[in-house]
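Given next are the chains, with one letter for each unit.
2 protein chains.
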Amino acid sequence: MERFLPALGWLRRYDRDQLQSDALAAVIVTIMLIPQSLAYALLAGLPPEVGLYASLLPLVGYALFGSSNALAVGPVAVVSLMTAAAVGEMAAVGTPEYAGAALALAFLSGLFLVAIGLLRLGFLASLLSHPVISGFITASGLLIAASQLKHILGVKADGHTLVELLGSIAGHLDQTSLPTLVIGVGATAFLFWVRKQLKPLLLKMGLHPRVADILTKAGPVAAVIVTILAVKAFALDEAGVAVVGAIPEGLPPITLPPFDAELWAQLLPAAILISIVGFVESVSVAQTLAAKRRERVLPNRELVGLGAANIAAGLSGGYPVTGGFARSVVNFDAGARTPLAGVFTAGGIALAALFLTPFFHQLPKATLAATIVVAVLSLVDLGALKRTWDYSKADFAAMAATVLVVLLAGVEKGIMTGVALSVLLFLARSSRPHMAVVGQVAGTQHYRNVRRHRVVTSPKVLSVRIDESLYFANARWLEDKVYDQALANEAIRDVVLICSAVNMIDASALESLETLSDRLKAAGVRFHLSEVKGPVMDKLQKSDFLEHLNGEVFLSHHDAMKALDPVTTAEADRSARPANSALAKS
Amino acid sequence: MERFLPALGWLRRYDRDQLQSDALAAVIVTIMLIPQSLAYALLAGLPPEVGLYASLLPLVGYALFGSSNALAVGPVAVVSLMTAAAVGEMAAVGTPEYAGAALALAFLSGLFLVAIGLLRLGFLASLLSHPVISGFITASGLLIAASQLKHILGVKADGHTLVELLGSIAGHLDQTSLPTLVIGVGATAFLFWVRKQLKPLLLKMGLHPRVADILTKAGPVAAVIVTILAVKAFALDEAGVAVVGAIPEGLPPITLPPFDAELWAQLLPAAILISIVGFVESVSVAQTLAAKRRERVLPNRELVGLGAANIAAGLSGGYPVTGGFARSVVNFDAGARTPLAGVFTAGGIALAALFLTPFFHQLPKATLAATIVVAVLSLVDLGALKRTWDYSKADFAAMAATVLVVLLAGVEKGIMTGVALSVLLFLARSSRPHMAVVGQVAGTQHYRNVRRHRVVTSPKVLSVRIDESLYFANARWLEDKVYDQALANEAIRDVVLICSAVNMIDASALESLETLSDRLKAAGVRFHLSEVKGPVMDKLQKSDFLEHLNGEVFLSHHDAMKALDPVTTAEADRSARPANSALAKS
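One line per chain: the protein sequences are A and B, in this order.
So for the first sequence, the working numbering puts the first residue at 1144; every next one is plus one.
So for the second sequence, the working numbering puts the first residue at 1144; every next one is plus one.
What you were told as hints is all true, and nothing was included just to trick you.
Put simply, identical chains are the same to the list, so a pair is met inside one copy or across any two.
Keeping only pairs whose Cα atoms sit at most 25 Å apart, straight-line, the calculated DSS-like set for lysine-lysine is:
#, residue 1, residue 2
1, 1682, 1664
2, 1682, 1529
3, 1375, 1299
4, 1435, 1664
5, 1705, 1664
6, 1435, 1603
Just so you know, the hints here were simulated from the structure itself, not pulled from any lab data.
Since the model is a prediction, treat every value here as computed from it, not as a measurement.
Construct the entire structure; sequences and hints are all you get.
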């Protein structure tokens, strides 16, 4: 039972001590989550209450199935941006179709996460290499910050790429609203100050570091309260400051995502990308925090937990969610001990949805934009480009391509370009494996690279060792390489491929070995294998390769040499070790 | 100079002997090529003369730049089908836009081939694993045969998938033209008979095997002549038999492909796929034939040669071409010695275009369809599915997916599915590399897998050896695996990762190693590396990994053990080999 519903495990051992810790953490996370929920809903192009709804039942869904004691689930910046990009192609912002598509996206993403969790396909997430995800986050951060400029300036603008966004804003600069600009720039400056300088100040005033930390995280709440009061006091909403407006009071509605096959098919690629990006980000926070208490996070259970959260979002008026970085760290630092902290947070958000929404009516959108800008700019890490360049040019290429394509063509194309390029570059690298011509170390039965060791080589037998499994990306290369080396020396009559490092031969490589055998046969050269590993040999015997092979398979390479060139081999066997140099050069 | 224009090399050494051989081969290939050119143009949805034009200058283009002495370039079945699928999405059959798009496709494909040839990116072709290409050819053969049924029945029908094609034909069965059916079925039966039984018959009659072979290949020409005469004799074209109709006389026009950026962008994916499929098919024939004379084919020069052929096709009213299998074998068997045979063949086709076209006016389309059906059904190899299943389930999955998607959703989707699946399955396989916990073989400095050998292990140091390079697909798995193993035993204080088989650590794996070090540090465990190879160490030193590593890097694993657990190691050093069993179990 506990295997299917992990919550049963920790609930059974739950005690008062844990209750107190979890409850305190929940209060702090709730305070942090309220402005974030409203802001990220705005970023996703959705009404503010959708952000609150996405911070409610999804947290309960994760608590029931997830494996991290500290992960705080809810709307996050990058996933909100990806939602806006995906849903924006299906419907216009503000329409019921738009909100419906966001529900469907969450639901689909939830189903996908649960499916790959249950099928143990978490491996798919590892296709997102670190440089690609890091480039993606940096570029998304820049794109998000650019998208919020319009709220800070108080102009209308839209677009899904950096060029579109900045062009559109530039075209509307004359409509800038001065009071909005004052609030937007003021809030941004205040939040940057809070982030950089408030904590040292509080520490200097003698506060406990943990209290200072938590007060610092409450910066956005202060900005929200102050700017709401300012709007009320000076009737700024009538002076052109865009405000959040009426938010329905009450708990989330029970919703069903639109069951429209065509819509689902269109949303599926985005749902997969959102799921994988969300999972990769979330699991790495969860693992880092778990390690601090010698706890474990189970990736396949995380997939199911995040899947449950997204299905819950799809059924309760939300949109795609995942574990948030800053939020989870706060949750952990504030003492969260079990996933129940998330359930308590959901309770806090429920109270907010029930009683606080009238208060947000006059909340300026510019304030929310400021919290987003400050949050996402902390994700931007342009230095990573430099570090990756220094470490590996191939990784840099994948990273730079991701950044550029995200900024210039959008998030989905960007991440897909990055994944395709990193896979291609890896395959290109592994398509030229290390291969060595070897000879016998005189007086021994060892065979070593002729370029590095003094060894005896046979004038008529070419011995080649390949240091990699044989598969489609290197099969044809190997075929050409061995053929060319065999034909380069007219005296060669036998070629032996030493397979001691070959763990696998796929069907393409099998075909290439057959072709190689045929080509060498046509050229009057026989082709042998030696030191084939047991499992590889079993597979070869299942095919008709061994019947067609124009040569033999030898157990050890020394057996091969004794059979194919008895004279040279016997001479080398008798020689003293190390070989005399005349022989070594032959 | 010769490096850029390889033709200069063999032209300088050209002699009368070669001239005679090449000229004879050209005559025979020309006879074979004329009906094929007309038929494949029909398959591609193009007027018959386009097939002749594609068999003219492209052959000269290949002869100048290619490296095979036997490859016979021109229109082939699979590429014609892919052309029809790609161009069919841009324009309606029979319109000038359709022919223009085919020109642009050939030109683009030529540019792509030349580019990857010059950039030495021939590696890209190896992404097309053997099961995928084999499944693709089989499925394309079935699809092509189905597409020709309408000509044999004399009905109108269209569609790009098997279901569409068969459905459309079934819907028009009542319009079947009896005389067309007689010609179509008769020609098909005749050609199958020629293929299967004529050669044994001719051999029995005492003909030289080579002559028998060449007469057999002339079957389609006989079918063409007989059915044209039948149409003329009985005025069958007025009785409902669709004929080729008027073909313009004369040499190919000089054409420019339409330079339309949007069209090019839409055609690019198809051009890339056509180029790669054409190259893979062509280079394997060329290599097989070259081996029979101990000659070499240079893949990068083949790319340039085929690229030149396609650019020539785009500039002279043709459509995409590549090396044909049957045709090249005939060329080789008939004695072609240099690429000049191709130039002579082009001359033969030029004569046909100048003088023979009026004769083709009354050629039934059903006859051409019959030659196509008989040719492509020989490509269908359903047995390969069984053989691949027996050899490797992963390869079978990629192959079966390719076959199904080609048949049910079209050629482009099919091949892309196959490539994506084979890459994914390979990455999945390599994402779980072999990893072993090792211990010391007592009395030696060797460390071996604890599961296979009697070894001494330290109670507080975990030694793990990984048998694969570390990269994004296995980085996270390794991180979790090592972390879990370290935490599984409370007594473990140090973990050493033995890197003797690690040839590369990419940026993702570097990040995972850093995270692993941090996670282990948080759990109170130190993390070390041993036996790091020189080039890998150089790269690590370029990053800040070594400063952050919560542990050390040891040259040899024995050094690591001596430093981390001197007591156990010293004891094992002193023990007699093999280790006593009490120690081995610790």
